[in-house]
Structure formats: C-alpha cells, structure tokens
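Asks: Chain by chain, the residues:
Protein chains: 2
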Amino acid sequence: MPQLTVALDMMGGDFGPPVTVPAAAQALSLLPDLHLLIFGSRAALSPWLERCHLTAHPRLRVHYCTQQVTNEHKAGYALRHLADSSMRQALDALARGDAQACVSGGNTGALMALAVRVVHTLPGVDRPALITRLPQADGGYALLLDVGANVCCDAGQLVQFALMGDSVARHVLSQPRPRVALLNVGAEANKGNDAVRQAARRLKAHSGLHFTGYVEGDDLFAGKADVIVCDGFVGNVALKTSEGVARLLLGAGKKRGFWRKLLAFWVKRRLSHLNPDQYNGASLIGLRASVVKSHGSAGSPAFLNAILQAIAETEHALPARIAHRFDTAPQDSHAR
Amino acid sequence: MPQLTVALDMMGGDFGPPVTVPAAAQALSLLPDLHLLIFGSRAALSPWLERCHLTAHPRLRVHYCTQQVTNEHKAGYALRHLADSSMRQALDALARGDAQACVSGGNTGALMALAVRVVHTLPGVDRPALITRLPQADGGYALLLDVGANVCCDAGQLVQFALMGDSVARHVLSQPRPRVALLNVGAEANKGNDAVRQAARRLKAHSGLHFTGYVEGDDLFAGKADVIVCDGFVGNVALKTSEGVARLLLGAGKKRGFWRKLLAFWVKRRLSHLNPDQYNGASLIGLRASVVKSHGSAGSPAFLNAILQAIAETEHALPARIAHRFDTAPQDSHAR
Chain E
236 MPQLTVALDM MGGDFGPPVT VPAAAQALSL LPDLHLLIFG SRAALSPWLE RCHLTAHPRL
296 RVHYCTQQVT NEHKAGYALR HLADSSMRQA LDALARGDAQ ACVSGGNTGA LMALAVRVVH
356 TLPGVDRPAL ITRLPQADGG YALLLDVGAN VCCDAGQLVQ FALMGDSVAR HVLSQPRPRV
416 ALLNVGAEAN KGNDAVRQAA RRLKAHSGLH FTGYVEGDDL FAGKADVIVC DGFVGNVALK
476 TSEGVARLLL GAGKKRGFWR KLLAFWVKRR LSHLNPDQYN GASLIGLRAS VVKSHGSAGS
536 PAFLNAILQA IAETEHALPA RIAHRFDTAP QDSHAR
Chain G
236 MPQLTVALDM MGGDFGPPVT VPAAAQALSL LPDLHLLIFG SRAALSPWLE RCHLTAHPRL
296 RVHYCTQQVT NEHKAGYALR HLADSSMRQA LDALARGDAQ ACVSGGNTGA LMALAVRVVH
356 TLPGVDRPAL ITRLPQADGG YALLLDVGAN VCCDAGQLVQ FALMGDSVAR HVLSQPRPRV
416 ALLNVGAEAN KGNDAVRQAA RRLKAHSGLH FTGYVEGDDL FAGKADVIVC DGFVGNVALK
476 TSEGVARLLL GAGKKRGFWR KLLAFWVKRR LSHLNPDQYN GASLIGLRAS VVKSHGSAGS
536 PAFLNAILQA IAETEHALPA RIAHRFDTAP QDSHAR
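Those protein sequences? They're chains E and G, same order as listed. Residues 236 to 571 in our numbering are what the first sequence spells out, letter by letter. Residues 236 to 571 in our numbering are what the second sequence spells out, letter by letter.
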C-alpha cells in the first residue's frame, strides 16, 4: 500500500486535544505505515503532544492554527472568516492531496459547508450526505443516510443518497445486491410527504437499484433493508432517539443494586453499536475524498474508530467507487 | 358524573373484533356507568359479541356498518366513498352528540381527514395533532406532538401544537408551568429548518408559554421538557424508532437461557411505556371532541387503555380547555 496520510482536526468535538491526541498516538502505534497531519492551536495541543510522547514522532506533522470552528459558528461565518481554523486547514490539506482522508469532530454544518467549498462534491452529486451504520436484529448492519448534513431534501437528493448508500453497501459492507428503502411514516404507497413519494416513484423506475419500498422507524433495526434513505432532519432525530432510548436503559445501571448493574451491563453489550464510542464515525459521502465526522461527544477510543474508518474508506477507494457509480450506472429515468 | 358514552370503531387496527370486542367487554365491566356505542360489520362482530356475552348488554348499542376503512385507503377516498364505514359512523355519532369520545385503531390519515370533516377543529386550530406520552428518565412523562397526523407543518402549526400540548400538560398531567421545547437537530439557535427556526422565534415571543428552546432526539427521554413539538413526519419516525430499539432489546430474550430471559424481563419493565400495549392511545387533539387513535398493532389490553384514555380526556373536558386556551391566552405576537 502506498503511503497513507490522514488529516486530523484536533480541536473539534466536546473535548479537543485531551481526546484527539491520545487517539492519534494510538493510531500511529497500531498502524506502522500511517502518517498523520494534525491541526490545532499550539496552546491546546503542545501539553498533550508532550504527554503522549508525540513531540518528535517521525510519522506525525503538526500544523498550528490560530482559529477554531465552534458549535456556535454558523456555516457561512466559518466559510468567510475562519480560514486559519483547524477544520478548514485539515480540509485544505485533503484538497491539496497532502492527505487522503480527513477526520473532524467539529460542527457538522460548518464541516459540510467547508468540505463542499474546499474538497468539492463528485460530478452528479448535489450535496454530500452523512451516512452511518445501524446494528440489526440479525447481527448485521444497515446503512442510514442522511443523518444530519441536509435538513431539507428534495426527491432528487434522496435518489442520489440511495445511489451513494448502495455504493457504500456494495464496497465497504460487501453486500452484492443491497436492499434500498426509504424511511417513511407508513408502508403504504400513499403515505409520506411529496419528496418521499416522488423519490419512491423514481427509485422504483431505477434499473440499477434493488429498491424495496418504505420502512418505518421501528424497522430501522429489524433487518428489513441494507440502505435506509431519509432527509438529514429525520435521520438525525432517528439516530439520536435511538441513543436516547439506550441511555434511558443504561441510566438504570447508575442506581445501586446487583440486578440493575447486571441489566445495565447486558443492555450495554446489546446496544454497543448505538453507543457513540462504538458506532462513531459518520462519513460525509459524495465528496472527492473521504471526510469522516466523529461524534461530538466521542472519547479517545471513538475518535480512534473514526480514524480507522477514514482509512478503511480510503483503502476501499470509496470516493472513486461512488464517482464511477454516478458516471456509469443506469441513470434515474426521471432525472432532472 | 352524567352518562358517558364512547363510540368505538371496532374494525380498525391489525386485528379488529378479536381485539376490540374483549376490550369493550372489559371496559363495560370495569366502569359501571360507561355506555358504549360500537360500529362494525355484522359478520365480523357477531361471533365475538356472542363469545364475550355482549349480545344483550344493557349499556352497549351495536351499529352494523357495510364498509370499512383499510390502511390502503387514501384519506380522500375514505371521505368520498366510505360513508357507511365503522370509522365514519363512529365519528358521526360523536359529532351528533350521541357519544362524548371516540376510539379507533384504523388508518391514521383517514381518521384525521374524517375527524376534521365530521367533528371539526376548534376555532383557531388549523389542523389537529396526534399527541402521545413518553416515559422520562426521572420517572415522569413528557408529551410529544405531532406523532403522525401532519407530515408537513409550517411554523404557525408548530406554534399551535405548542399551545395545545401546553393545555394537555396543564390539565391532564397537572403540570402547573410546562416546559415547552421544539425538537431539532441541534441545540444552537442556527440549527434546523426554516419552519422550526421561525416557530422558535414566535414561541420565544409568546408570553403565555414557558418555551425552553430546542431539544434533540437523545433528549426525548431525558426529562428536559414537558411538551416536545415537531412535525408529524419527524415525530412518527422518532416514536417508532424508540419502539424499534425496544424491540431490538426484547428480541434477545427469545433466545434460550435463564439469564437472558430474566434480563429480558427487566428490560421489558424498564421499557414498558415504549411498548405499544402500554403507552397505547395517541390522542387527536384540536378537535371539538376527544378522538383517540389506538396503535394499529394494539392487543386487547392496549385497546382498553385507549378507551380509558378517551374517558379521562372527556372527564378533563380537554377539548373545552384547549378551546379556552386559544380563546383567552396571550396570543402569538407574530400570528398570521
């Protein structure tokens, strides 16, 4: 494998360097061929680089930045005024080809806007989507997209998400003929809003996809589909709701008592993939290079997972696969 | 208490009379003052009325219908062509004043359309909303609306939902000053779609509400708000997703082994209010009389719960309380 370099925004997420630096150190120690290019403020990074013995690591380059994108920043502000932020600099490195993938735990809206501006979408893709894995009752995984990059989506975008999700399922999850479904409020054809119903008509007519119709919220974990498509508002609420239920259950373990602790342990195992520390890493797909969004509340093991996911996508040449899909696959017969 | 009569659509839901007749029998036996007016096909009802010894019950009147609304029927079709359906006839009885509340487990879209046509919305209410209770980590409840009656909502509707939810929390849940929140994809002011952001501005300016801002999907069970407002698409997906997670967990109990069964029992107890058989009964509020939507997959205990909920709302005079709220409360300063 040729040299692989990942660019890391060290300042994103709720914790910054105390989480991201130990994760970077572990990635370097796990993968002897990995190079990292990290971005962050000198004051915040330096003590943690020292503590993790990374001040003179041969496969680590540090780029100090003077700005930082916070959760309060609007995407437009980040675009115009935060050119020396760690997020922007990491994406610039990706766009220049200094790195092959990028990971950030920062503000999703800003990451989306900066990535579109700097890295660019693939031909035929209007907007990138955030995609994540959901555990299924049968032990496998389904892909859910969009989980938060686009709060409003028209039918054409949902069709593009379906195509992108299909590519990820084929190449990253090795599913030869993924079942693609739309998330809706009922299984019958007349249910849902205009965008979903129109997307369903177009997906049904699409010869390159195995479209299986609608699924509902309670089907997300039922093994009924391999790729589940929705707009980013709905997907974000669905994903976070499932975390909320998991937390409601795990909360029981905080109270005293052997049984409650045992229960919490079991639930934790069963729900491990709804735990941000485990499923961490929603990928921003549809871009010309791999950008992975780490969960804001991720700890070091979770940020490490996000790095590993970025590496896996790069090794699967995911952006090129999606580009090829949009370039050569039978096209949507109702395309604009 | 004056005589209370509830109209029941016996044909709705996935099972019909095998579920609804035993529930009706139990309601009559639990509440000696309750009268029921039931609607359904003779062929489907008769054997179950006999089996449950209801053929000559003094507090039960049976009205046989020749039509039925199924899940496949569009709302428009039900409006135009199913005048002798059990759902329509039950709502007609409510509108005539023959009953004070109505319960149906049938097609949500059709129930919504027929109820608006026949029972009418309260002055100031554009569209009814489906409201349901969610268990909270602290042991209490929050109200979530809309959970499926309106797949698209503008800011004005979200503001109306907030006012209606506030009334339910005050009068049915006895909360003196309910905390009202909007469901969104982030806690910051710049997050979300236009309808949600505009609704937030209007709710903030509304002197009659204790608006606390945005909550996210993982806050639905966290005890952060008493009333959580969203459009019906998002609310439906969130509610069903939480059921899906519960089912994912409960499913593990089906496998053999004493420990798994024991733990499944604990999970079941903890999640009892995410179980359709327990939380059953989403109310269609904003109408001139109480209409309760029973879950399609509800069993007899769940359908009984929906009947009890309809009775409770009637005893709380909920429609009159909401009417009073819209009539006298400080009005939305940005109202259309």
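Read the hints as simulated data drawn from the structure, not as lab findings. Hints are supplied without guarantee of correctness; some may be wrong.
Remember, identical chains collapse to one label, so a pair may be satisfied in a single copy or spanning two.
To be verified - The calculated lysine-lysine pairs, modelled on DSSO-like cross-linking and capped at a C-alpha distance of 30 Å, are:
1) K309 to K459
2) K309 to K439
3) K439 to K459
Asks: Can you name, in rising order, the numbers of the hints this structure does not satisfy?
Replies: none
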